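Q: Could you slot chains B, C and D onto chain A? The hints should help.
Protein chains: 4
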Amino acid sequence: MPNELRIGMVGYGFMGRAHSNAYHRVNQFFDTAYQPVLKAIAARDQEKTKKFADRWGWERVERNWHKLVEAADIDAIDICSPNNTHHEIALAAAAAGKMVLCEKPLAMDLAQAREMTRAVEKTGKPNMVWFNYRRVPAISLAKQMIDEGRLGKVFHYRATYLQDWTISPKVPVGGAATWRLEKDVAGAGVSGDLSTHNIDTALWLNGPVRRVCGMTEIFIKDRKRPDGSPARVEIEDVCTFLARFANGSNGTFEATRYARGRKNKNSFEVNGEKGSIYFDLEDMHQLQYFNHEDPTHLQGWRTILVTGAEHPYMGNWWVPGCVIGYEHTFVNALADFLRGLEKGERVRPDFRDALETQAVAEAVLESARAEKWMSPQADLS
Amino acid sequence: MPNELRIGMVGYGFMGRAHSNAYHRVNQFFDTAYQPVLKAIAARDQEKTKKFADRWGWERVERNWHKLVEAADIDAIDICSPNNTHHEIALAAAAAGKMVLCEKPLAMDLAQAREMTRAVEKTGKPNMVWFNYRRVPAISLAKQMIDEGRLGKVFHYRATYLQDWTISPKVPVGGAATWRLEKDVAGAGVSGDLSTHNIDTALWLNGPVRRVCGMTEIFIKDRKRPDGSPARVEIEDVCTFLARFANGSNGTFEATRYARGRKNKNSFEVNGEKGSIYFDLEDMHQLQYFNHEDPTHLQGWRTILVTGAEHPYMGNWWVPGCVIGYEHTFVNALADFLRGLEKGERVRPDFRDALETQAVAEAVLESARAEKWMSPQADLS
Amino acid sequence: MPNELRIGMVGYGFMGRAHSNAYHRVNQFFDTAYQPVLKAIAARDQEKTKKFADRWGWERVERNWHKLVEAADIDAIDICSPNNTHHEIALAAAAAGKMVLCEKPLAMDLAQAREMTRAVEKTGKPNMVWFNYRRVPAISLAKQMIDEGRLGKVFHYRATYLQDWTISPKVPVGGAATWRLEKDVAGAGVSGDLSTHNIDTALWLNGPVRRVCGMTEIFIKDRKRPDGSPARVEIEDVCTFLARFANGSNGTFEATRYARGRKNKNSFEVNGEKGSIYFDLEDMHQLQYFNHEDPTHLQGWRTILVTGAEHPYMGNWWVPGCVIGYEHTFVNALADFLRGLEKGERVRPDFRDALETQAVAEAVLESARAEKWMSPQADLS
Amino acid sequence: MPNELRIGMVGYGFMGRAHSNAYHRVNQFFDTAYQPVLKAIAARDQEKTKKFADRWGWERVERNWHKLVEAADIDAIDICSPNNTHHEIALAAAAAGKMVLCEKPLAMDLAQAREMTRAVEKTGKPNMVWFNYRRVPAISLAKQMIDEGRLGKVFHYRATYLQDWTISPKVPVGGAATWRLEKDVAGAGVSGDLSTHNIDTALWLNGPVRRVCGMTEIFIKDRKRPDGSPARVEIEDVCTFLARFANGSNGTFEATRYARGRKNKNSFEVNGEKGSIYFDLEDMHQLQYFNHEDPTHLQGWRTILVTGAEHPYMGNWWVPGCVIGYEHTFVNALADFLRGLEKGERVRPDFRDALETQAVAEAVLESARAEKWMSPQADLS
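Residue numbers (this note's numbering), protein chains in the order written: chain A, 1 to 381; chain B, 1 to 381; chain C, 1 to 381; chain D, 1 to 381.
To be clear, the hints were calculated from the coordinates, so they are not data collected in a lab. Note that the coordinates shown come from a computational prediction; the quantities given were computed from them, not determined experimentally. No incorrect hints appear here.
Copies of one chain are not kept apart here, so a pair can be met inside one copy or by any two copies together.
Under the rule of at most 27 Å between Cα atoms (straight-line distance), these lysine-lysine pairs were calculated in the BS3-like manner:
#, residue 1, residue 2
1, Lys263, Lys143
2, Lys51, Lys39
3, Lys274, Lys170
4, Lys143, Lys153
5, Lys51, Lys343
6, Lys143, Lys265
7, Lys224, Lys183
8, Lys39, Lys125
9, Lys170, Lys224
10, Lys153, Lys274
11, Lys67, Lys51
12, Lys221, Lys183
13, Lys265, Lys170
14, Lys263, Lys274
15, Lys274, Lys224
16, Lys224, Lys153
17, Lys183, Lys265
18, Lys48, Lys170
Bound-form chain A, shown alone:
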């Protein structure tokens, strides 16, 4: 009989749904020593929260997240609410000695991230930040290949996160779907929402970033609120930057919501002396690989269909050729977290990793503002 891991979750939005799904499914597909129990959920709108809880099997609903933090029957607080709430909840949860799992981006700014990281580390309890894309099997395979030495010395890292859903001036600022355009709630624009995914993956695959030089843009500066009142857009629509990695390689990063036709193009390419890899989230079941050590006349970019039992996580799902989708990345992440609990091992990315990502993102924004190169400051103090 597995141990219970009793969850209190804050927020019932898109991420609340993805996490609830993960809590239900992880034990059906992974053998773990811990079993999540969907104990309680807290969010402002009681009626909607109740409906959500019924659908997803949460045992009880709380009007206020403080109740979760205070509850004796809850082991871990899962923060799925908008960015501007992360800091306060994480500090309170840590103070109460709970494990903390937090959606990305970790914080509204670097100062918050530092404080949060110090707080959760002080508890001595495990913590995690849901940079779920590390658990895309193809991205985990990329990491494995790099660790196997298949790329050799790296020269280039090239990442994009391209979407197109805010091109219309009719997209409002604020509200359930579009709080990401509101500075007070989101903190930053695409740098927080999209670039942080690129950065987290880059730090994992290619190591620390030493210097960055950024460019941001707000294409549509005047929008409306859902109620029709005018709203000035204060967060960046675009975040592009050049980077120099500690390993000597050069990087380019571009995130935008104005790339017509690109829906979820979270892509990266790594060019090494011995080989290269390329990934695109729009075809998340594939990893492209060029092996310079193949016979010369047979070299080419190959598309690895990452659905085999020998590929990361895939042995837990179906059979070769049967793809998994977006939501499975959360289940895979949770499985790793549970295994970490069992073995007493650090599971990454945690707050410390997310702090490093936040430091890069903040340096980029600062660089764009000042129009000069900056160095990320990921130290804790």
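A: Frame of chain A, contents of chains B, C and D only:
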């Protein structure tokens, strides 16, 4: 409060898992008037079945499927056991007045399929055959586009189902994973396992098949059983056929498990006067489309990323650019079945449709044996 | 100083242009002991022929191809005129002791092809049939890979030649561009024009075909001549067939001019025990390859960009990454022919090879007519 | 009878070959009022030049390019020699009143480029710089589509030029193939060789660049000369930059010779409000296009096979589905130049355009050196 649909399932293999998952998830993602209840599961190996039932939340385990058929607290029998059991279970379930849901291929041969269809139709209850690929959003979109008249008169239909998992002579005949190579259990080879998927899709998208001419092959005739004893392979490794459709178009179909590098290439292309479409299950989130009515200099094959809210089923899942996977096709199928229950409407493909598919498959095998063109006989008597 | 190879060419159409280009370019890109001299061209329309000759540097124009055959200053007759002229010209040229180079398809029927082959072989002079696609570098690379043993035992051969230019009922029968629709001139439909390309490649890559079973179709039976008078279409729009190769593999072939959106999809896939390859003329600079001997977790279809100096013919052209196009296949073919002259070696495909292709094509048409399997008869007598 | 355009060419290297080919072929495929005559070629190595001239039909060979400039029977000087010779030759040719055609990059630096532009403009004669990629049919189609208004307001421009041929430390500095690594000969590294192609295309498709911020890198600083003596590498291996265009869009540019597996990936993507386009020179027969005005459920990136008679230049070549290659871009460019002569119209890109490109490239290098944003200075004085 939704009505209960109490399920008794036979078999706990790969399909038992896919169906169990669907029963759990359908109400989390679809609003339906019916809610499946995982009442009982029956399979031979009690220990394994018990373990499976625990993992997937089946209320009780039965040693014998007859118990399910006899149980008063079960509304529907779901047949996930090997092909050689479908006939007997379906007849018994129908005789007991249950709804019957059956995995594909429907039967060991056409005679069985006819008898089963008559039996379930006599009950007046809904029935379904799990040709799940109709519920791939991209395939449903293909159907929608054809119904919208976007292809015009059809000239060609071209289908393949290519895999490569039986190339090694070491793959045994019989056992949990490889009963598909055993004639007594599977009935037929790739014609039943793979071609029937192609045929079901073709009948749906392109209408009835009038004549077929087939070619089959057994590449490795001598294998071993899991216990090492010799086994003569009696089912076809390959099933290829030419077809003439009632709408005047020509068809080619090829199914094999000897196409090195193809893992799950269930593909089809339809060429019409006004446009063409192409699908490949290995990239199941995409549908390719050529529109001859575009301006001449801008015509080209376009890749529709079938992840938008405007695409079939996708509004129930995540957001544009977030793909779903293999297992979701079963959830989508179940959602349709439940909606059919609610509305009192026929949900397809049902036994009658599967009978038609079986008739084509049988004509193909017969044609290959006799080396001549044959006409499928899908009549009920 | 290279030896002259004095050419007399019949026909100034599309192929006359492709060959003229090859004669001009071969010595600029290949070091050969022979240099073609564009001696004389013969075609019916003197004015147009004169204009063509001026543009392409043919020394003189003849009203009648007999003049070429009789000319003492001509070494080789190149037949680029419509299919119904090949037989008579080839016999006359052979009788005059000329080398003969002939466009494909070789003849109107198998009987003609036999007679032509006997005639040219009797001269003891080199002969060639312009199945130019063997000289696509990617196809030559495919041949090289097969000869290197990279595919192992072959299970499947799958070829298509898909176009869409005759879908409109307004395409007339007869005239410069559309004599291919006229039975008296073309002999056969797509089986001669398109399938023969597929067959030639298949025989080269996969060896002899033992048995075939064909299906043909005429989708539009009534068209008009260029002058508006009615024309009954008597040649097939579609030619599809199943095949059994001597090496035990199964084949499927499909040629049509009714595949909307496919412009020149001359494709083939070969599935072997150790690997597979795939080619598509619409991306003629690429060859796709799956290597089953790669480490399991890294296996995938790779796209070889066939533009390297190590690839067939490419060292004679530009630099890696710079593609060549359609016309270069004729230059490559000619270079091979000239090298054959120099070394006194047989260059293929020659009439004997084309006879074998013709035998398969004729068996397919006969099979479609009789609705039964047939065996190609490529013997000379 | 067309007018003669008598050419004197300097250099017989890779570009000398590409241009010679163009001079031979242009009248075979295009109807023009002018016909190039391959009058004389000048280069240092007389033996090799003689051999080259024989192969390519140049009437005479000169030891010194001054002879070409002075020759009365030469109308146009075509500069194909290394970058460090362009300035002197162009000035002398202009002083002699010749037309000047120059390979790219135009000059060693911006100051040279200004002087050269002033000089050729003073002659009042036509001039051209061989940025041949504008004449890739797919890129010309991109321009046409933008001019047709199919993209609407542009938000992003994203370009790369990725190669991998200098990764090995064994690649020497200097010599016929590798003078591009030598500062005294090449002037700059990839910024001149590769980025200028990207910039020229960008200026054509997306208008002027206002500001740039660059990053360069030399990965291997110590190499050897062909004779084995040590050579310090002083030119950049990588040139990456951010850009702000006058039309308000953001740009990213990356050029490198260290992108393992990328052979000639000259790519660009333009994202506009109404649509997007993508091009990659490795598949130069294709243009990808996303049209936001398609019905929502049918939107997708389409691959236009740019081989139709309705596409730029393609009506002069073969038939739909038959691709052309690298060398044809020079023929197309030359055809345009000849048509310009005939009509008395400016043909672009000319020296003035190349000056603008040089200004951007120089600002990028300067920006990378100074680590700050810079504005290109393309004025003539």
